[in-house]
Structures are given as structure tokens and as C-alpha cells.
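Student: The lines below spell out each chain.
Number of protein chains: 4
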Amino acid sequence: MIKVGVVGATGYTGIELLRLLSKHKAVELAVATSNSEKGSAVQDVFPNLRAHVDLEFAGHDSEQLKSCDFVFFATPHATAMHHVPELLDQGCKVIDLSADFRISNPALWEHWYQVKHACPDLLSEAVYGLPELNRQKIKDASLIANPGCYPTAITLALLPAVEKGLINVADIIADAKSGVSGAGRKAALATQFSEVSESFKAYSASGHRHLPEILQTLNNVQTELEVNLTFVPHLVPMNRGIFATVYVKSIDNAEELQEHYAAYYAQEKFVDVMPQGSHPDTASVRATNSCRIAIHPGKDKSQPTVILSVIDNLVKGAAGQAIQNMNIMLGLDESTGLATPGLKP
Amino acid sequence: MIKVGVVGATGYTGIELLRLLSKHKAVELAVATSNSEKGSAVQDVFPNLRAHVDLEFAGHDSEQLKSCDFVFFATPHATAMHHVPELLDQGCKVIDLSADFRISNPALWEHWYQVKHACPDLLSEAVYGLPELNRQKIKDASLIANPGCYPTAITLALLPAVEKGLINVADIIADAKSGVSGAGRKAALATQFSEVSESFKAYSASGHRHLPEILQTLNNVQTELEVNLTFVPHLVPMNRGIFATVYVKSIDNAEELQEHYAAYYAQEKFVDVMPQGSHPDTASVRATNSCRIAIHPGKDKSQPTVILSVIDNLVKGAAGQAIQNMNIMLGLDESTGLATPGLKP
Amino acid sequence: MIKVGVVGATGYTGIELLRLLSKHKAVELAVATSNSEKGSAVQDVFPNLRAHVDLEFAGHDSEQLKSCDFVFFATPHATAMHHVPELLDQGCKVIDLSADFRISNPALWEHWYQVKHACPDLLSEAVYGLPELNRQKIKDASLIANPGCYPTAITLALLPAVEKGLINVADIIADAKSGVSGAGRKAALATQFSEVSESFKAYSASGHRHLPEILQTLNNVQTELEVNLTFVPHLVPMNRGIFATVYVKSIDNAEELQEHYAAYYAQEKFVDVMPQGSHPDTASVRATNSCRIAIHPGKDKSQPTVILSVIDNLVKGAAGQAIQNMNIMLGLDESTGLATPGLKP
Amino acid sequence: MIKVGVVGATGYTGIELLRLLSKHKAVELAVATSNSEKGSAVQDVFPNLRAHVDLEFAGHDSEQLKSCDFVFFATPHATAMHHVPELLDQGCKVIDLSADFRISNPALWEHWYQVKHACPDLLSEAVYGLPELNRQKIKDASLIANPGCYPTAITLALLPAVEKGLINVADIIADAKSGVSGAGRKAALATQFSEVSESFKAYSASGHRHLPEILQTLNNVQTELEVNLTFVPHLVPMNRGIFATVYVKSIDNAEELQEHYAAYYAQEKFVDVMPQGSHPDTASVRATNSCRIAIHPGKDKSQPTVILSVIDNLVKGAAGQAIQNMNIMLGLDESTGLATPGLKP
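Residue numbers (my numbering), protein chains in the order written: chain A, 670 to 1014; chain B, 670 to 1014; chain C, 670 to 1014; chain D, 670 to 1014.
One should not assume that every hint holds.
Put simply, identical chains are the same to the list, so a pair is met inside one copy or across any two.
[Unchecked claim] In silico lysine to aspartate or glutamate, EDC-like type, Cα no more than 20 Å apart, as pairs:
| hint | residue 1 | residue 2 |
| --- | --- | --- |
| 1 | 694 | 1003 |
| 2 | 938 | 723 |
| 3 | 970 | 840 |
| 4 | 806 | 706 |
| 5 | 808 | 794 |
| 6 | 692 | 1003 |
| 7 | 938 | 713 |
| 8 | 968 | 895 |
| 9 | 968 | 937 |
| 10 | 672 | 809 |
| 11 | 855 | 1003 |
| 12 | 806 | 1002 |
| 13 | 692 | 1002 |
| 14 | 808 | 893 |
Derived from the structure by calculation, the hints contain no laboratory data.
With the hints as constraints, model all of the structure from the sequences given.
Tutor: Right, dumping it as C-alpha cells:
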């Protein structure tokens, strides 16, 4: 059995890792850490895990992490970077679900996250863990930068078209919406039930940290033009789900996109290109590792084509994709532990 | 006292009219009709109106409507058009909250609503009831086509810029989101609680009936270019609220928009231009007749400017705006019966 | 105009006071305090109050409070008691929406609230502000202990039967449910959206602070037997509303309760005894000062009678009832500023 | 592989059966029927099942059902009874999730369901499928009457105490609350999002069909006294979950209940007796087959003991329990296909 540890296991992403890893047949869940709940039984803090996880929370500095084959970081940014070098030295493989290793340019990372990076040399070593893009590199990686939730939904919606030059990369708009679990599990006024329910709003409309991550990926897969993407995130009064409405202008015939996308993702288990004109809802991917994409072609070049993309932010947008990456690194079937239909309702 | 009647008073828009009109100091609520609840006491069907509305539902064909000074139609489309001519003949003023008189071109109306119009000659006579645009015409009108909810939020977000030629009208995107009450009050599978809650989706992404209504208004206030607007509506798991995220490209300096909008709406009681860079939420206008607008200027001409606009779909997007129109027609203060702060939470 | 101040105006109860008082025709809102937001404009913190409240938050120690005719405390418990004596000395009338003056026995208060009372001598002077019970005393009071939300719903459901000896007071169960706003507006993990939505739970099942308050009232209106009430509160994933399901055993014929309740509350503007067998929902009283009660008589003495009672916890359960008390103290119509129908949806 | 069919696969219970059965390793999902969606692909109607269920909906009269080893009925009441006799004749085993075979007394069934029973002779043959009570009988049964959702939660909360005579069965109150999916998947006005969200209410307070089912079970496990249970169901604005707050009066020492319950359910995989004084929430069992129970002992004989019981109405209250029954009948581990932790959030 593969020994795994989860650092930061009391956030929503961490709980989701525990939920999924506890049923993963190749894995032994050996350590779960939480500085705030250190010493408590996992199942006392999270009754949903009673009879499923029999561990006490350790601290982030637990020595046991070093004996793990895989360590997942589900911490806020600027935490993993202080622990990862030592773990790599010990021979652990690390999958970081935070932002610490997603941006390869240290200066750009420091600009957006406003803190000095603790191990900038590792930035170029880390592999961006989007399997549909980097499967080969992931296989041999020691350190995975697991993509953000918005970047996963938006990048998968754009990748086939950008890579093949089918759309004008200088004019893309991504209007994205997230469930509240995306804001993390912490005592905050802004995400209190009565502040959020029965309301809808945009936030960070003038700039969000996931923007440079998306741009980096899209600029890497084509070099013709600098990608110009306007990204506005919104908060939806629901727990789980990312919905991205992406507006692009096709270079040629927008009708060809459907066929190209279907072919591009034909072998992907977790990307589902729906019939043209479909309307996926976030509920259809709830608690699954799937991304569903639907295309509504513009009638002519002047009218944008609309690409809809949905994921569960905690699964394909975080814990599920992290496990998918681990499966790839282990040579397992990618869907091991992830092959569940969506929960309805 | 002004005698008023409400036709179709069992829909959410109709109930909202009853709620607001029952407290309007210049008004006597004389008739409320419902074909399905004919003969029932209003307060038996809607306990929230106990002690506030002492009427029985009449049928839509009630003779009493003819003795009203004002008749509001809160019916599905293709209903009002069969009753309005006779009411106008009797000297009633009519405010139609449905779509029947919003499109002045009969062929265009029939294309989108897929039914023959019963009184196409009245289309040119009807005044589009957006007070911020048509206040003078509304004063003297007999027949008001009350704007749709999406068109209200989107048009108010665009009007100052389009009228003055500050943005490129050939390239506008309106990504709009609505609470579920916008779908009406009827037994439908698609809007069951368990189909809608904990989910988010787009609908009619390839074309929605509110598009021609918005285009008509924007093409009327400028004639330089044909407006090209992409409009995608979405469904939010909440009861009330419209949120429009509008992406425009400024002709010149996007920074000038803020000042222009503030001046344009300076005298308007129900349009609140917030400080530049604000993030209004729909909750801040819940149960009010206000539209709040915030501008996030693009950094240069290549980057879109984002205009955020929020209303309560049942108030400024329907019943409240209808009463605002009635107030104008009666020469009353426009805010009579509408001057309430938002409900939080 | 009556000058009023609100201490603790950034909680949900405080915001509700601002919302209602800003439209109260006899009142000038002179001071709103918040230690955390001192110096901020009210409308910057709460955009729903833009154009309605033109004040800056003062601190709780604002000298201006002393010049107010009425001061409302919407603070957590153990705050008002430190300020009230001085305000009373200055001639202010005080309506305390917290628990500080609800229990007349200081030892009992200190047992439940685990802090020493700062002015125990005032406990006997304070009038419990349930107008349906204490209207005459309220008229002449200087200090009102405004009832808790659960006690309001439960006491109104029991008062007529207990007072007249129609039920067995030694065997009462109140299974009560509250919306999340009842937990207050603060950064807490337990009331985060994703902790609360899509879930339901009981809390404090072994004892809740509102129990002694209810018992005190019921033991005051009859002296035959010690009241034995089991009270279990629950948390509902919604913003507003209290629902109490009260199980009682009738002494004689349960069928007589309906008539007795209807007569008892016949003159009350804010208690609505619905037809026997009705099923009120909390939505029917949303944003109103009403309590709706419905009785389902048990078939015989062995079967409990079920009494259903609904209020809006922020209105009849807090801010609305406080204003009702002020209206009584001022000799105004009790419904001044409170005569609004429920918001649906 | 065991061939299974699901009749009525477009309701929430039916979809849940498809979701769970599609991943059950011993099962081949051979037929899914729906009269309304006959001929459609399952995955076109339910996109959450794309790539998981590759079937077209057949009609309820599909001949293929006869070749199944197990047929599940997830139909409204009074449907299964018309099909079951023929299927049993063909050698199929039948698990009926509707109410058709839950009440062994035909007259009582017909009183509550207001229709003549089509095969009353089968009522005594059907085994009530509560594994914790009837495991041995289930093993050899051909026809299972799968318990209702409320009866599952309430019966499991009472069974140990009633069987051993620890409480007064003549005085039990069950105040129960259900998520909206319990009302079924159909176009109904009462369960529209905007009718249900942000509201809470009781329904059927004077008598609900699940009452005789609970009474039958409790009267079967003890014969000392006629059970007198008052049961009031409520509707919670959430999708999944049943919460039962059960008030009982202990005969002797309420403190002994905890130990007895823990022992009674010690070997049960799907009943979790939590530490005394716990507060389970419905979210902790979301999407699982678990029932969690917590006891709050009354302080003396006059004060009721409170027993809290939570389940997911669609899993332990319907589809999961049905599969648990099938597993028992097949001699499989009971948790096959059901061993998942709860989804949080």
C-alpha cells in the first residue's frame, strides 16, 4: 500500500482528500495534519468520517510525513513552500493543492501573492498538474503544482481551441462563478450563511490571483500572440461547483469547434464534451472528477462563441485532480478512486 | 383614491404588485384576478397578505376592471394583448408587465414569441416604461410596456455609455444571472427546489427573448452603428435578484465612464452609481426598486471595462418599476410606495 | 421628532432596527454605534441603507446617546448592563434587545449567562416587553427587556392556554427551529455557509438560555403548578424565521382551544390565529412583525395537541417588537412603521 | 453478475438506485423504466449518469424485467402492486421502495392510501426490509417492503428502548424534518424553489401516512401496551436528509439508554450511536447509508429524554437500504456498494 499524508486536513479541500483517499484501494492514509485541531480524532471533528478514518490530527511538522510516499498539501498559500524542500529530500512525492508552485516566474508569483517565495528554485521543477495537458511530465514528476479551481474549468474550456489557433487569443472573456466552499473553511464574516445565501455578487473584478495561472498555461501552448483574457469571478449561494462562461471569437468557422473538442478529449475519462448547444449544470458534476463542456457557436465571426464549462471545485478543481495526478505517477488507472457518478440532487 | 386592478395576481410579479399596492397611499386595490384561483380569498391563497388585502380573486374577464383607473397585467405573454384594447377604450390606463407591447416591430415580436399579435396597431402607441429613458413620454401615455427584468438591469448599465458614444456598440457582452422567481410561479419540473438548489447553469445560451428588447432600446438611443450584443442568462439558486456583468470596450478613456454615469443618473432616485471599483450584491437591493451600478474600467482599449448592475427582478425588474410608472403618470412623487431600504439578510 | 440611538448597529438585529427606524415617521435616527466600524459611514458598511441612513458609526461610549429620547441596545449579552444605568439617569428610555434584563432573579441570570450582573437592582424595574402580556406596564416603563426570539414564538403559542388553565403545564414540549440570522452577525466557523446550508441539526438539546425566560413568563401567569417545559432548538438553512412546534396536553376538550385563542388575540394587530388545522410557514411572516398561530387539537386527552407558531426572528423576535414597545411608550399606534405585508418569496 | 431492473427510474429514489447500482460490483443494471421518458437514453435525461449508465428507458411493462434476478420499484404507491405478482411468479425477487407492501393489514392500508389493494394476499408474505430488525427474514424473502424514510429514522431511534421496555410507549412524540427531495421529483407548485427556499413549515400535522407504518413495527416488538406516537413532519429547505427529534419518557433511569443503544447496535454497520449528548447533523450522513443517533437523557422521569436520529432520506431512507436488503438476500457483505463516507459540504 502507498503511504499518504495530508497536510492541512481541516479545510474543505483537505476533508475532500480524506473522503476520497479513505476509499482508494491502493492507499493507506497514514497522516492527517492540522495545527488547529492537533491531537483531536479526525472523526470527532468530522463525523462524516466516523468509521472511515481512524487517525488523530498531527501538527504540520509531523515527522511521520517524511515516511510517506505521497504528501498532499491542502494549506493556504505560502505554507507548503516551507515544507516541500525537506520532504522532497526525504524522497517523498509532493502534490501541492495550494498556489505555491503554480507560477514558474518567481517575480510574478511574488507580485500576486505579496510574499517572498521560500524556494524559488523549485518553481521550474514543479509540474503543473493538469493531466489533459501534461500527462507525460506528471508521470515522472516529484512535485506537482495542482491547478486552481477556476484555472481548471477555464483552461479545459480553452485548451483545444488555443492550441490549434482556432480562436482569437487577444480577445477572450471568462465570466466564472464559484460555490462558497471555494472560499475555504474558516471563520470569516464575508462567507457567513446570512451574508451569502439569497445573494449573488462578483468579486475581485479588477484582478484575481488565478488570472496569471491561466495566462501562463495558455501562453505556453501557443506563441503566436499574447493571450488577453478578462476574468471576473462571482460567488454563487451553493456549496460546490465552478461554472465558467467563456466568450471567444473564432478565427474561422465556429462550427468546427465542436468536432475538434470532441476529438481532442476523446480519450479523456474526465472531460466530457457534450452535444453542441447543451446546457450543463454544476449539479451534474457534483462530487465527481468530471469536467463537462458545451459549445454554442457564434453565428458569424462578429458574434462570440460561448463555451460553457463545469466542474466540482473540490474534486476536479482540487482533491480529485490531485488523486488523478497521484494515480498517473503510480501508473494506476487514472480513475482509481474517482469513478463515481454525480450526486443528484 | 385611484382605483387599480391587477390581472394575473397569483404569479410572483402579481403577488409583488399586491404587496406594494396594498400599502400605496394614493391607491385603492379594487380587483385582483386569477383564472385558477377565481372565487378564493386572496389571503387564503397568500397568508402573507392576511390583514392587508381583503379581496376575492375575480376572473381575468371581470367587468370591474373596466371601472379601474389603472390596470396592471402580470400575466404570461399573449394574454394582455387580448384585453388591452377594450380597457383602453373604457378609459383605463394600462401597465403591461408582460412582453406583449415591448417590441414595436410586430414581425419581430411574432418571430420571438411564436404567436400572432392580437393588436399590432397598439405596438407603436405603447410607451416603453423605463423612466430613466422615457419619463416624459410615460407621463402622457395610456399604455405602458413595462420592461423585462434582464433588459432593465442591462439597459441601465449601458444607457449612458451608448447614448454618448463612449463604447464600441458592436462588441458588447452581457453575462446575466437571475434568481428563480424570474421563471414565474407555476408547477414546473425544471424549477423544483431539488432541481435548482445547489446548482448553477446557463440557459438559452443561443438566444433569449429579452435580447431583441435590449437591442431595440440601444439602437434607438444611437444610430451610428448596429448594436451587437451577446446575452447569456443564467439561473442562480436564490429567490430574487438580477446580476448583470457587462463587458464593453471603451472608445476613448475608460476612466471617464465613472464621472459620466454619476452625472447621468444624478437626479435618479432609483439608480445608484456606486464608487468606482465597488462590488454590489443582489442582496443590497432585495425588496427595493433600486438599481446599483459599479464600473471597473479596463486598463487600456484592448481590455474590456466591466460594468456590474444589480436589481430585484420582482421590484425594479417588474412590480416596482410598474408602480414607478404609475406614479409618473399620476404626477406623484416617483418613490411613492417604493421608498424602502433593502432587506438584510 | 423623537431622537433615537441604536447601540450595536452592525449585528443583524441592529441593521434591522436601522432599516425600520429609518422609515418610522415619528423618529429621527440620531446615533448608531459600533465599536468595530467606528468612524465608517453606515451606508459604506451596509449598501442596502444607501440613501436611507446618513450617519457615521459612533463608538458605544458616544456622548450623543445621552441626548436621545430612546436608546436601543442590539448588543451581545453583558454589554447593555454597563451602559443602561447612566442612560436612565440622563432621562433616556432604554429598550434592550439583549438578554441583560430579561430574568428578574439575578442568581438565575448569572447561572445561565456565567457573568456577574452589573446592575442587579434594575432587574426588578425592567418590564418584559411582550406587548400582548404587559401592554399596560410597558406604557409607563423606562427600561424594556425585549423578549428573545424563541421565547416570543413559544410564549405567544402558550399564553392563552396556560393563563386559563386549559393545558397540563407540567408536560409541555417545544420543538423550535430558527433561521441562521438568529446566531448573530460575526465571523464564526459554525455558521459559515458551507457548514450550515444543506444541513439541519439540533443544538443545545440539553439546555438553552431561552428556557428560563420562557418558564419565568409562564410561571408568572399561573401559579397552580410549576411549568415543566422541554425546549430543543434547531438550526434551519434559511436566513429568517422561527418555527415552534409546541406539544401540549389539554385538561379538557382540545377543541375549545381554537375559540379561546381567537378571542384572546382578537384585538392584537400582530398575532394572527389562523383557522384550525392551518399550516403557517415562516415565509408568510418574513420581514413582518406578525406571529401566526395554528392549532391542531389532539383527538383525545392522551394525544397531544399541536400548536404551530411562526415569527420573523429579526422583527417580532427582535427589532420589530422593540419598535412596537417604543410605539406603546410614546402613545402611538402600535403598528407605526411596522404595517407591512410579508415578502413572498 | 446479478441482473437488476429499476422500475420508475426518473424519480429521486430511482436516480439514486441507478447511481448506486451502476457502481455495485456484483450487479448488472439491465433495465430502467419510466413511462414518461420511455425511449430516451438515461444519460440524456440525467447527465450526471453520462459514462455510467448506458441504457434507454423502457416502459414499466418491459418484458425484460421478467428476466431480472432483482426488480426494484421506485414508483408512487399503488403502482408496484399491479406488477409484483407476475414478477414473483417469474422467479424475480422484488424490493418495493413504495408503500404498497408496508402495512400488513389490508384494511388499514386501504384506509390510509384510499385505493383498493390489488394483491392483499401478498401483504403477509412481504418482509418489512429494516435489516436491523428483520435480517433473518430478509435473507429468505422474495418480496421486500422497503421502509419509508421517516419510519426508518424514527424506528431506529426507538427500537432498542421499545423492545426492552425502557420507555413509556404510551407517550412518544416524534418531531421530524425532511429535505425536499422526500416530496418526489414531479412538477408541483408546492415544492417550487421559490415556494420552499427561505421557509420552514409543518405539514400533515393532523396525520401522515408514515404513522401507521411506524406504529405497526413498534407494536410488533412489544405487546405490553398500545404505542401512542404523535408524529409531525416538517419541510426543510435543503435537498437531502431526515432529522427526527424524538421525545420519550424513560420508565427507569434515562442514563442507561446510552449503554443499551450502543450494545444493541454494536454490530450494525449502518447505525452509529454517537457519544451521549452529541448533536448529529444531516450533512454528516449525506449520500451515505448511515443512521446516526444521539441521546440526551432527561434529568428525571418527569422530563423527556431526547433522541436525535439522522439519515439521508434517499439512501438509508430509500435506495441504500434497498441495496442493503439485496446484499443480505444475496449473502453479500451488507455494505457492498454502500461503504462511502458522507459528503462535506
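Student: Each hint needs a verdict: does it hold in this structure or not?
Tutor: How the hints compare with the structure:
1. In this homomeric assembly, residue 694 and residue 1003 come within 20 Å of each other (Cα to Cα) both inside a single copy, at 13 Å, and across copies, at 19 Å.
2. Taking identical chains as interchangeable, the C-alpha atoms of residue 938 and residue 723 lie at most 20 Å apart only when they sit on different chains, with a minimum of 16 Å there against 31 Å within one chain.
3. For the identical chains of this complex, residue 970 and residue 840 are neighbours both inside a copy (12 Å) and across copies (11 Å), given an alpha-carbon limit of 20 Å.
4. Taking the closest pair of Cα atoms, residue 806 and residue 706 never come within 20 Å of each other, the shortest separation being 36 Å inside a single copy and 45 Å across copies.
5. Proximity of residue 808 and residue 794 under a CA criterion of 20 Å is satisfied intra-copy only: 13 Å inside one chain copy versus 58 Å between copies.
6. For the homomeric pair residue 692 and residue 1003, the shortest alpha-carbon distances inside one copy (15 Å) and between copies (17 Å) are both at most 20 Å.
7. Taking the shortest alpha-carbon separations for residue 938 and residue 713, only the inter-copy value of 18 Å comes in at or below 20 Å, while the best intra-copy value is 35 Å.
8. When the C-alpha separation of residue 968 and residue 895 is checked against a cutoff of 20 Å, the pair qualifies only between copies, where the shortest distance is 16 Å, while the shortest distance within a copy is 26 Å.
9. Taking the shortest alpha-carbon separations for residue 968 and residue 937, neither the intra-copy value of 29 Å nor the inter-copy value of 38 Å comes in at or below 20 Å.
10. Taking the closest pair of Cα atoms, residue 672 and residue 809 come within 20 Å of each other only inside a single copy of the chain (18 Å); across copies the shortest separation is 42 Å, beyond that limit.
11. With identical chains, the CA atoms of residue 855 and residue 1003 are never at most 20 Å apart, being 32 Å at best within one copy and 37 Å at best between copies.
12. Taking identical chains as interchangeable, the C-alpha atoms of residue 806 and residue 1002 lie at most 20 Å apart only when both belong to the same chain, with a minimum of 16 Å there against 41 Å between chains.
13. Taking CA atoms no more than 20 Å apart as the test, residue 692 paired with residue 1002 passes in both settings, with 15 Å inside one copy and 16 Å between copies.
14. Taking the shortest Cα distances, residue 808 and residue 893 never come within 20 Å of each other, neither inside one copy (29 Å) nor across copies (57 Å).
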